[in-house]
Amino acid sequence: MTAAADSTQIKSRRKRRHGLGAWPILPLMLFLLVLFFYPVGQLLAISITDSKGVFSIAHYKRLFESAVYVQVMIITFKIAGWTTILCIVAGYPVAYLLATTTPNTRGMLILWVLLPFWTSFLVRTFAWIVLLGRNGAVNKLLMATGLTDAPVGLIYNFTGVMIGMTHALMPLGILTMTSVMQAIPNNLVPAAATLGARGGQAFWRIYFPLSLPGVAAGSLLVFITAVGFFITPALLGGARETMISQVIIENIQTVLNWGFAGAISMLLLATTLLVFVLYDRMLGLSTLAGEASDVRPGLLGGIGARIGIGAVATLGYICDRIAEVLDRIGGVRADRPSRRISRSVLRIVALLTIAFLALPSFFVVPISFSSSAFMEWPPVGFSLQWYEAYFASNLWIGASIRSFTVALLTAALATLIATPAAFVLVRRRLVGKTAILGLILSPLILPRMIIAVALFYLYARIGLVGTTFGLVLGHTVLAIPYVVITVMAVLKTYDERLDQAAATMGANSWRTLSHITLPLIRPGIISAFLFAFIVSFDELTIALFTTGGLSATLPKQMWDDAVLKVSPLLAAVSTVLLIFISAMILLAEWFRRRSVRAEA
Amino acid sequence: MAAPPQKLRIREVRKSYGSVVALYDTDLDLAEGEFLTLLGPSGSGKTTLLMTVAGLTVPDKGEIWIDGKLATYLPVHHRDIGMVFQSYALFPHLTVYENIAFPLRMRRVPAEQIKRDVTFALETVRLPGLAHRYPRELSGGQQQRVALARCFVYRPSIILMDEPLGALDKKLRDEMQLEIKQLHSKLGITVLYVTHDQEEAMVMSDRICLMNQGGIEQIGTADDLYFRPNSLFAAQFLGDSNVLPVTIADGNESTLHVTTLAGARLTVSRTAPIAEGKSAYIMMRPESLKVLAPDDQAENILEGTVTDLIMLGGVSRCLVRLDSGEAVSNKSLTLAAGPRVDRGHRVRLGWSAAETVLLTRATTRNAP
Numbered sequence: 001m002t003a004a005a006d007s008t009q010i011k012s013r014r015k016r017r018h019g020l021g022a023w024p025i026l027p028l029m030l031f032l033l034v035l036f037f038y039p040v041g042q043l044l045a046i047s048i049t050d051s052k053g054v055f056s057i058a059h060y061k062r063l064f065e066s067a068v069y070v071q072v073m074i075i076t077f078k079i080a081g082w083t084t085i086l087c088i089v090a091g092y093p094v095a096y097l098l099a100t101t102t103p104n105t106r107g108m109l110i111l112w113v114l115l116p117f118w119t120s121f122l123v124r125t126f127a128w129i130v131l132l133g134r135n136g137a138v139n140k141l142l143m144a145t146g147l148t149d150a151p152v153g154l155i156y157n158f159t160g161v162m163i164g165m166t167h168a169l170m171p172l173g174i175l176t177m178t179s180v181m182q183a184i185p186n187n188l189v190p191a192a193a194t195l196g197a198r199g200g201q202a203f204w205r206i207y208f209p210l211s212l213p214g215v216a217a218g219s220l221l222v223f224i225t226a227v228g229f230f231i232t233p234a235l236l237g238g239a240r241e242t243m244i245s246q247v248i249i250e251n252i253q254t255v256l257n258w259g260f261a262g263a264i265s266m267l268l269l270a271t272t273l274l275v276f277v278l279y280d281r282m283l284g285l286s287t288l289a290g291e292a293s294d295v296r297p298g299l300l301g302g303i304g305a306r307i308g309i310g311a312v313a314t315l316g317y318i319c320d321r322i323a324e325v326l327d328r329i330g331g332v333r334a335d336r337p338s339r340r341i342s343r344s345v346l347r348i349v350a351l352l353t354i355a356f357l358a359l360p361s362f363f364v365v366p367i368s369f370s371s372s373a374f375m376e377w378p379p380v381g382f383s384l385q386w387y388e389a390y391f392a393s394n395l396w397i398g399a400s401i402r403s404f405t406v407a408l409l410t411a412a413l414a415t416l417i418a419t420p421a422a423f424v425l426v427r428r429r430l431v432g433k434t435a436i437l438g439l440i441l442s443p444l445i446l447p448r449m450i451i452a453v454a455l456f457y458l459y460a461r462i463g464l465v466g467t468t469f470g471l472v473l474g475h476t477v478l479a480i481p482y483v484v485i486t487v488m489a490v491l492k493t494y495d496e497r498l499d500q501a502a503a504t505m506g507a508n509s510w511r512t513l514s515h516i517t518l519p520l521i522r523p524g525i526i527s528a529f530l531f532a533f534i535v536s537f538d539e540l541t542i543a544l545f546t547t548g549g550l551s552a553t554l555p556k557q558m559w560d561d562a563v564l565k566v567s568p569l570l571a572a573v574s575t576v577l578l579i580f581i582s583a584m585i586l587l588a589e590w591f592r593r594r595s596v597r598a599e600a
Numbered sequence: 001m002a003a004p005p006q007k008l009r010i011r012e013v014r015k016s017y018g019s020v021v022a023l024y025d026t027d028l029d030l031a032e033g034e035f036l037t038l039l040g041p042s043g044s045g046k047t048t049l050l051m052t053v054a055g056l057t058v059p060d061k062g063e064i065w066i067d068g069k070l071a072t073y074l075p076v077h078h079r080d081i082g083m084v085f086q087s088y089a090l091f092p093h094l095t096v097y098e099n100i101a102f103p104l105r106m107r108r109v110p111a112e113q114i115k116r117d118v119t120f121a122l123e124t125v126r127l128p129g130l131a132h133r134y135p136r137e138l139s140g141g142q143q144q145r146v147a148l149a150r151c152f153v154y155r156p157s158i159i160l161m162d163e164p165l166g167a168l169d170k171k172l173r174d175e176m177q178l179e180i181k182q183l184h185s186k187l188g189i190t191v192l193y194v195t196h197d198q199e200e201a202m203v204m205s206d207r208i209c210l211m212n213q214g215g216i217e218q219i220g221t222a223d224d225l226y227f228r229p230n231s232l233f234a235a236q237f238l239g240d241s242n243v244l245p246v247t248i249a250d251g252n253e254s255t256l257h258v259t260t261l262a263g264a265r266l267t268v269s270r271t272a273p274i275a276e277g278k279s280a281y282i283m284m285r286p287e288s289l290k291v292l293a294p295d296d297q298a299e300n301i302l303e304g305t306v307t308d309l310i311m312l313g314g315v316s317r318c319l320v321r322l323d324s325g326e327a328v329s330n331k332s333l334t335l336a337a338g339p340r341v342d343r344g345h346r347v348r349l350g351w352s353a354a355e356t357v358l359l360t361r362a363t364t365r366n367a368p
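From first to last, the protein sequence lines are chains A and B. Position 457 of the first sequence, counting from 1, maps to 457 under my numbering, and the rest follow consecutively. Position 209 of the second sequence, counting from 1, maps to 209 under my numbering, and the rest follow consecutively.
Check the hints yourself; a few may be wrong.
Okay, derived cross-link-like pairs now, SDA-like style, lysine to any residue, Cα gap no bigger than 25 Å in a straight line [unchecked claim]: (1) K115/B to L188/A; (2) K69/B to S338/A; (3) K115/B to P209/A; (4) K278/B to Q236/B; (5) K69/B to A334/A.
Calculated directly from the structure, the hints in this document are not laboratory data.
Work out the full structure, taking the sequences as your base and the hints as a guide.
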């Protein structure tokens, strides 16, 4: 064979690898293009045109001229900022405990941290109404112990919003920080100790700086999610806690001003992107995936570094002087073991925080059996009337069935188009892979409100409003990132030599896939399917607009009810939902563990 | 001459995890300037012993004295120790300079002196130009040297090393072994070293502490362990060995006669009292066995058939199946020319009584 023929053959093979080999990702990209990027682009377009379709910045002018909207923006940032601070400060000890404990304990605690994360936002918000209301559990407890004479205003104000949002978002912060902390080699702190560092210096000079990328990534995710919130401020806040997303809802649902709603959405989007750009400038986005545990030397360069190092050294010094005093009281001696007080304190603080995250949801259960018509604590009497009301109502049962159907179809569609894409992303060499992954994951990062408004605008023109099909498509956009992440994680730990072994025994690529690869990663795909199901089943934002008031999903029905009047019926529905979702999560977790075991 | 002061004294230290005993009551002493290696298979308790000295593992009982001071339950940072970790444990966010300065800062050494000490330490490990690099910008060998420098810069009483060369490739490992050895004699530091690599232990150590099943099997120089193992375990762990089960026949004050299972009568130097009729093992190193020419004689002779010949460069091995069915091997310098044996040949293997080690125990550990 000549050299020329050789080289063409190599070229064609390379072409197959790089070009055609990537085709399974195309359906997903096409799907996102039509149902995500195009609608969002449309939304941008209508925000900068007037009613005749001519370029105009009138909407933006109105936005910044009115004190009301500027005020809403300030409030939004204030709420998101405080939520972020609370989530990170309270979440850090939990993340630290999770990262440094034994794998078994970690698995169990993460389940408790995650359980509220997956529990419906609405259920959790109702739980806080039960707990924090005038006649709620907390006020009853405060009065019973004589700490206060009259009920304290814990709800329909800033406090209520803070409690609700911190509760909703802290798991996100904790998981992000934990993944970075787990990448910190666990011999560094012992090494610092052998070099003469007390606990305080070892933590503040060594561990804390290395965990900073996790803190930054956690803050970023919590902040951008908080900026787009509307359920919590609407149900737990007062008029003064109105956030930007609520204004969007108002503009769509009551005045149907597309252009103006588009302009507010774009403001929200710009804020999100700005925060991302700032973050990337400082740390690099790769830290979001928990990949890099190295702090760039440039970040802490110059004066900032001096201040930073001075600060951690001072914190370390203060901690150690306190510890020294405690040592003198407790008496550290060489001839008997000493107790490790700091670890016990950490454990207590972290477990209290986890209790704060996991327990409130369960308060809806007793209320659902109340015979009173109000959400009051302790529940009055015992009756099944609210369950009867739920099961007897065509409205509720219809919504439940619709939610179930939509979730099932969404999970199937998302798994079908996202799994091949995950294969391509893990196994093929692709030009601009990071950018493509970024695009696929962007529905996760973009405020849902923007996606919802954009889809509503699209659906309104092509007649998909109020259809199950439209809802499934919308939910699939949101579910895709979860499926891609889950399947990619499974594939990354998959030993590709098994496929190569099958090939050496004469299996073609299709038979290898169907006989070897898929059976081995099946548990991972099933758990991806269940995650997609839960994402859809719990989704409110898209349903809020595109169901058009007729064919409501369960969360939409709950929302409509809650906005009017919060009754124990909602507690009953929440309880049913709680049991259902918990079962789904435990099922997903069971499949995930089985896939891990299959690999081991 | 007075004995050098003791740097480490371990008495009856014991550690268990639940019902599993990782370390049975153990005693160990380390003199100033000594290089002692804990050698043993995984699970033998060597790392547990090292970690109790470091204070990273709390013992259930016993006493640990470091430099004459009781330190059994002292927090890690109060002990005067240095430790080189398996994967170096360099702080990734600090420069080489800051890594080495860290222990000095913890001891509130004045800035001037920190600078002097770090510079000296970097020169000692031959890395003077790299002070402002980050650990990830260094090669494996360079990281290893920084870890060493960070350890001896504050002159701790003992330096503990937990398989520090495990992550390096063979060539670099050989280089670093010599470098650590030189550093040891140059700075006069006291080292407690853990490895599972017998060659590494023999290259570096003044004494080797062989560990097995959570306790000490034998302590001695490399010579002691190689030529005078006191159990079957020690004989088989260090170097190659030929072991045959035997029964004690008879003997006098200086020599002892034993019979193999096949009934061959062999002579052994008497080292310890042992009753006639008892079963035991004899062990010969492969280089002790000689392939005898037809009219050569030796104190002990066994016959067999050559099953394989292996040339390992400078030395060659000859695998022989004895007529009694046991396999033994001999090792000799490879000769370009000379008497050669071939596969399938009958050979006579001969050796002296002095080169025969009588082993009466499988292990000195009477662990359950």
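Here's how the hints hold up against the structure:
{"no.": "1", "hint": "K115/B to L188/A", "result": "holds (23 Å)"}
{"no.": "2", "hint": "K69/B to S338/A", "result": "holds (18 Å)"}
{"no.": "3", "hint": "K115/B to P209/A", "result": "holds (24 Å)"}
{"no.": "4", "hint": "K278/B to Q236/B", "result": "holds (21 Å)"}
{"no.": "5", "hint": "K69/B to A334/A", "result": "holds (9 Å)"}
Violated hints: none; the structure is consistent with every hint.
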